[in-house]
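Read off the chains here:
Protein chains: 2
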Amino acid sequence: MAHASAKAPGILTFDTHPSQYRHWRLEVDAHTHIATLSMDVKEDAGLSPDYKLKLNSYDLGVDIELADAIQRLRFEHPEVHAVVITSVKERIFCAGANIFMLRGSSHAWKVNFCKFTNETRLGMEDASEHSGIKFLAALNGICAGGGYELALACDEILLVDDSNSAVSLPETPLLAVLPGTGGLTRVVDKRKVRRDLADVFGTLAEGVKGKRAVEWRLVDAVFPSSKFKDGVARHAAVLAAKSDRPATGPGVQLHPLNATVSADAIEYSSVSLKIDRAKRMATLTVRAPESAVETTPDAILEAGDQFWPLRVFREIDDVMLRLRTNEPEIGTIVIKTTGDPALVLAADEALLANIEHWFVREVVHFIKRTLKRVDLTARTFFAFVELGSAFAGTLFELALASDRVYMFNDPDLANSVQLSGMNAGVLPMSNGLSRLDVRYYGEPDKAAAVLSRNGPFNPEDALEAGLVTFAPDEIDWDDEVRMAVESRAALSPDALTGMEANLRFVGPETMETKIFGRLTAWQNWIFQRPNAVGPKGALTSYGTSDRAEFDFGRT
Amino acid sequence: MAHASAKAPGILTFDTHPSQYRHWRLEVDAHTHIATLSMDVKEDAGLSPDYKLKLNSYDLGVDIELADAIQRLRFEHPEVHAVVITSVKERIFCAGANIFMLRGSSHAWKVNFCKFTNETRLGMEDASEHSGIKFLAALNGICAGGGYELALACDEILLVDDSNSAVSLPETPLLAVLPGTGGLTRVVDKRKVRRDLADVFGTLAEGVKGKRAVEWRLVDAVFPSSKFKDGVARHAAVLAAKSDRPATGPGVQLHPLNATVSADAIEYSSVSLKIDRAKRMATLTVRAPESAVETTPDAILEAGDQFWPLRVFREIDDVMLRLRTNEPEIGTIVIKTTGDPALVLAADEALLANIEHWFVREVVHFIKRTLKRVDLTARTFFAFVELGSAFAGTLFELALASDRVYMFNDPDLANSVQLSGMNAGVLPMSNGLSRLDVRYYGEPDKAAAVLSRNGPFNPEDALEAGLVTFAPDEIDWDDEVRMAVESRAALSPDALTGMEANLRFVGPETMETKIFGRLTAWQNWIFQRPNAVGPKGALTSYGTSDRAEFDFGRT
Numbered sequence: 001m002a003h004a005s006a007k008a009p010g011i012l013t014f015d016t017h018p019s020q021y022r023h024w025r026l027e028v029d030a031h032t033h034i035a036t037l038s039m040d041v042k043e044d045a046g047l048s049p050d051y052k053l054k055l056n057s058y059d060l061g062v063d064i065e066l067a068d069a070i071q072r073l074r075f076e077h078p079e080v081h082a083v084v085i086t087s088v089k090e091r092i093f094c095a096g097a098n099i100f101m102l103r104g105s106s107h108a109w110k111v112n113f114c115k116f117t118n119e120t121r122l123g124m125e126d127a128s129e130h131s132g133i134k135f136l137a138a139l140n141g142i143c144a145g146g147g148y149e150l151a152l153a154c155d156e157i158l159l160v161d162d163s164n165s166a167v168s169l170p171e172t173p174l175l176a177v178l179p180g181t182g183g184l185t186r187v188v189d190k191r192k193v194r195r196d197l198a199d200v201f202g203t204l205a206e207g208v209k210g211k212r213a214v215e216w217r218l219v220d221a222v223f224p225s226s227k228f229k230d231g232v233a234r235h236a237a238v239l240a241a242k243s244d245r246p247a248t249g250p251g252v253q254l255h256p257l258n259a260t261v262s263a264d265a266i267e268y269s270s271v272s273l274k275i276d277r278a279k280r281m282a283t284l285t286v287r288a289p290e291s292a293v294e295t296t297p298d299a300i301l302e303a304g305d306q307f308w309p310l311r312v313f314r315e316i317d318d319v320m321l322r323l324r325t326n327e328p329e330i331g332t333i334v335i336k337t338t339g340d341p342a343l344v345l346a347a348d349e350a351l352l353a354n355i356e357h358w359f360v361r362e363v364v365h366f367i368k369r370t371l372k373r374v375d376l377t378a379r380t381f382f383a384f385v386e387l388g389s390a391f392a393g394t395l396f397e398l399a400l401a402s403d404r405v406y407m408f409n410d411p412d413l414a415n416s417v418q419l420s421g422m423n424a425g426v427l428p429m430s431n432g433l434s435r436l437d438v439r440y441y442g443e444p445d446k447a448a449a450v451l452s453r454n455g456p457f458n459p460e461d462a463l464e465a466g467l468v469t470f471a472p473d474e475i476d477w478d479d480e481v482r483m484a485v486e487s488r489a490a491l492s493p494d495a496l497t498g499m500e501a502n503l504r505f506v507g508p509e510t511m512e513t514k515i516f517g518r519l520t521a522w523q524n525w526i527f528q529r530p531n532a533v534g535p536k537g538a539l540t541s542y543g544t545s546d547r548a549e550f551d552f553g554r555t
Numbered sequence: 001m002a003h004a005s006a007k008a009p010g011i012l013t014f015d016t017h018p019s020q021y022r023h024w025r026l027e028v029d030a031h032t033h034i035a036t037l038s039m040d041v042k043e044d045a046g047l048s049p050d051y052k053l054k055l056n057s058y059d060l061g062v063d064i065e066l067a068d069a070i071q072r073l074r075f076e077h078p079e080v081h082a083v084v085i086t087s088v089k090e091r092i093f094c095a096g097a098n099i100f101m102l103r104g105s106s107h108a109w110k111v112n113f114c115k116f117t118n119e120t121r122l123g124m125e126d127a128s129e130h131s132g133i134k135f136l137a138a139l140n141g142i143c144a145g146g147g148y149e150l151a152l153a154c155d156e157i158l159l160v161d162d163s164n165s166a167v168s169l170p171e172t173p174l175l176a177v178l179p180g181t182g183g184l185t186r187v188v189d190k191r192k193v194r195r196d197l198a199d200v201f202g203t204l205a206e207g208v209k210g211k212r213a214v215e216w217r218l219v220d221a222v223f224p225s226s227k228f229k230d231g232v233a234r235h236a237a238v239l240a241a242k243s244d245r246p247a248t249g250p251g252v253q254l255h256p257l258n259a260t261v262s263a264d265a266i267e268y269s270s271v272s273l274k275i276d277r278a279k280r281m282a283t284l285t286v287r288a289p290e291s292a293v294e295t296t297p298d299a300i301l302e303a304g305d306q307f308w309p310l311r312v313f314r315e316i317d318d319v320m321l322r323l324r325t326n327e328p329e330i331g332t333i334v335i336k337t338t339g340d341p342a343l344v345l346a347a348d349e350a351l352l353a354n355i356e357h358w359f360v361r362e363v364v365h366f367i368k369r370t371l372k373r374v375d376l377t378a379r380t381f382f383a384f385v386e387l388g389s390a391f392a393g394t395l396f397e398l399a400l401a402s403d404r405v406y407m408f409n410d411p412d413l414a415n416s417v418q419l420s421g422m423n424a425g426v427l428p429m430s431n432g433l434s435r436l437d438v439r440y441y442g443e444p445d446k447a448a449a450v451l452s453r454n455g456p457f458n459p460e461d462a463l464e465a466g467l468v469t470f471a472p473d474e475i476d477w478d479d480e481v482r483m484a485v486e487s488r489a490a491l492s493p494d495a496l497t498g499m500e501a502n503l504r505f506v507g508p509e510t511m512e513t514k515i516f517g518r519l520t521a522w523q524n525w526i527f528q529r530p531n532a533v534g535p536k537g538a539l540t541s542y543g544t545s546d547r548a549e550f551d552f553g554r555t
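Protein chains in written order, with my numbering: chain R, 1 to 555; chain L, 1 to 555.
Pulled out of the complex, with its shape left as it was, chain R reads as follows (with noise of 0.2 Å):
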């Protein structure tokens, strides 16, 4: 993994593996079905030298690893049928973001930490419900604010009954921030902790321990220092059991990306990302596969990473990781798909057979968590369907995840989008509605009227359809779309942040769009205010002999 001070982000790489970490044991017991995944944080291996990771504090790359910890469990070890999260060292869980990072850090990387950080848990929650991985946090010993938080995302929280160690959230009290990792929302909305008394919870530095611990609902159980490991070993064999994963593997290797990066372009087998820095625009090509894809559970299996579907959401999802963190000036990305349309729909032909089997199972909701990261990624998505395009089914998706669509419309010259089974439901956006149902919220039937078509849908046809947005003709084309994305260009990226997150997200609200909603919107504003990051601010003042001074205007 690469390095990158946390003040000037330089190039970061998000490829790592077990056998490269640095923070985390990753440990499977094939007969248990139970992984444990510890921490075990080098104070010297932060992404900068500026701070020390004391005390299982983390930063961006303790989070990385723990992402792809969680990630190969899913496709590398279908034997895994629980995971207990807990630490190495003595009497310490983890004690949250470290905070020498925080302060150090712009508030850009701030905001992509934290929502790195929020998709990782959420993407727990996401292997508990769907995919049979139910997750034990075994706290160990002093759990505070983002240690919390990583316990909250779990099914069940253990915590050791010792007389020191204990739950907390000290964000508010001690440095003047929310705990915006999720943590808020879910001791209120997941764990269902009263409203009095998650308020006295969220503003007491030193937390809640013991027998008190469990009737707030703040943790599941407490056991004294001797009877913990079997606590643990108990509960997390009752969690496996309740998982419907294959017994024995093998699983999926998930090997490196490889990809050819330049200094404007980055080079997949069937992604492309070129940047424009005079537009700040880059075009993002996503190709068809070249052959059809394989469609039985073995063979799916024998192609392993190299299966289309997973192989091209892995650069996909890689690319918006690198766009967001190394490219902040990069505010419109330009969607184009190539390749034959049958393909990709065979390929979803073939994903949809066989969505029972686990390995394809993990496949589709690996793109339906891409999908969402490209949904919550504060840049503008603009799909153009030119001719030779394959925006069919599950690549039909990325049009309806960008926020215009434009098709080139020529009688003269065949031009088509084309839904398939993957649009119907089975990748639902954060707030729990296809993105058809989110894009027809005012007609409810027509997502379904659309989806009966089995066919393409030609330009006039899309439009009429309300499927993509402009339709020029090749008159119109060039000069439209070039103003699209310079008119673009010239906007406030704050004011377009905030109105994509916004319009993006119709309809119900879920846990997790309240998470990336009400609480993260919060903490962006806190994020922003004197009173946390000013020169006398609690987060600035933190650690040093200086006192925070607040401005006590309530706003």
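Don't read these hints as lab results, they were simulated from the structure. The structure presented is a predicted model; accordingly, all values stated were derived computationally and were not measured. You may find that some hints are simply not true.
[Stated by the list, open to error] Derived pair list, reagent style DSSO-like, types lysine-lysine, alpha-carbon separation capped at 30 Å:
no., chain 1, residue 1, chain 2, residue 2
1, L, K368, L, K274
2, L, K446, R, K190
3, L, K192, R, K446
4, R, K190, L, K190
5, R, K227, R, K54
6, R, K336, L, K192
7, L, K190, R, K446
8, L, K190, R, K368
[To be verified] Here are a few chain R residues that sit away from chain L, every Cβ distance over 12 Å (derived from the structure):
no., residue
9, H130
10, Y268
11, T377
12, P456
Beta carbons: idealized from backbone N, C-alpha and C, even for Gly.
Given the coordinates of chain R, work out where chain L should sit on it, guided by the hints.
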């Protein structure tokens, strides 16, 4: 209405009357059952002399009159079944919130301005849904930004089709902020404009007019100028016909509250506020009725605005608005009640027995809106249940709205809280749940269980039932409540605002909570961003010879 500078607001009051309006004309036609509320903003009559309210742009003073008009239509004019909102200025409906006012305002003023205007617009939707008053926006000319957001709060939007008049949300392209008075949310969630069209609309400074505005669902119909008046009358008549309100009055006059305001206190007939500036806290004391309230429709109507439930909640509403606007540094409000709880419970019975009567219905919905105002007030609320208190039924809702409840517990001295049917769902929060259901979000059957007790809860029972947070005995009481207030006052006001906004709204989100959660939180973030409010920000540069300069880093 008092005058206040937007930059350094002095004492602002919220009492006004149609005879004092400077910016609106209210006409009631008892024959057609239609009221017409016409905007005619006086340029030189803003709250501050620092800006001119050109083109029917508005500041808080304009919106206080609007809120007053709607409130009076509900209470004073039961014969009004529909309201047409229009403008008397030619070719101009409303240009939105005044930009120079926003530019010159402190962050806190901007936030509170938006909160009040949001509450006013949600109050219109509340009147439509619950009181049988439908709203029609008759857009006789340019309708931009906050002007269109006002229209969005109406049941129907009619636009004149004169090649000039458009609806627009130019905030993002012109000012680098959001249409934050519900605009983004209502466009997609209420009007159900397709998300890609909403994206185009939200970046198009000149807006959309004519047939396209109808096709995109931005307005319900357009009429050429010559047919506009007739069209409005016809549509208003259809809306009025849907009402279940009485055919004739008389209504209930809302007289001035006549608060006695001194430096550190506000006194009303049944409510007192005492401010302790050193502790940055205030004590709000609400008094039970002194004798039995009226119980028959005729007697209640005759009592009018002196009917205790209306009188006391008008006073609570007024004190909340004064606190928000005039006392930014008072961070904690301790709520106390005094008097005979039996008289409160008798008042609750009178409300519930007559809830089908138009006036009682209005009173109950007004209590509901006032309590929502408490939920949305960015101050900490602690309820102190002391000896002699009257936390019963509707007044116990104030405890349920509080962040914590402390109850004095001496086995030798009687102290109790009690529920009534008013706690059972007629006063829902913005998220649609009763405060009891929110409190017991983790125990779905518990609200019914506590409601089934037909009698008081002593401190031990109340603690056991989870109706109160803590019940210190007489030895601990003084220290514990003092410590609670002091330690709260030491925390960052911003972190508390964010924390409370998350913990108070457990569970589902509605369009209403999305406006205050997702949209407002993003807007508040943007209101802190240099791209909007910095020296070269778009809000700062608008209308000057300077061009906005952006930091194009995306966040």
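To see whether the hints hold, each was checked on the structure:
{"no.": "1", "hint": "K368/L to K274/L", "verdict": "holds, 24 Å"}
{"no.": "2", "hint": "K446/L to K190/R", "verdict": "holds, 18 Å"}
{"no.": "3", "hint": "K192/L to K446/R", "verdict": "holds, 13 Å"}
{"no.": "4", "hint": "K190/R to K190/L", "verdict": "holds, 28 Å"}
{"no.": "5", "hint": "K227/R to K54/R", "verdict": "holds, 27 Å"}
{"no.": "6", "hint": "K336/R to K192/L", "verdict": "holds, 28 Å"}
{"no.": "7", "hint": "K190/L to K446/R", "verdict": "holds, 18 Å"}
{"no.": "8", "hint": "K190/L to K368/R", "verdict": "holds, 27 Å"}
{"no.": "9", "hint": "H130", "verdict": "holds, 22 Å"}
{"no.": "10", "hint": "Y268", "verdict": "holds, 22 Å"}
{"no.": "11", "hint": "T377", "verdict": "violated, 9 Å"}
{"no.": "12", "hint": "P456", "verdict": "holds, 20 Å"}
When each numbered hint is compared with the structure, a violation occurs for hint 11 only.
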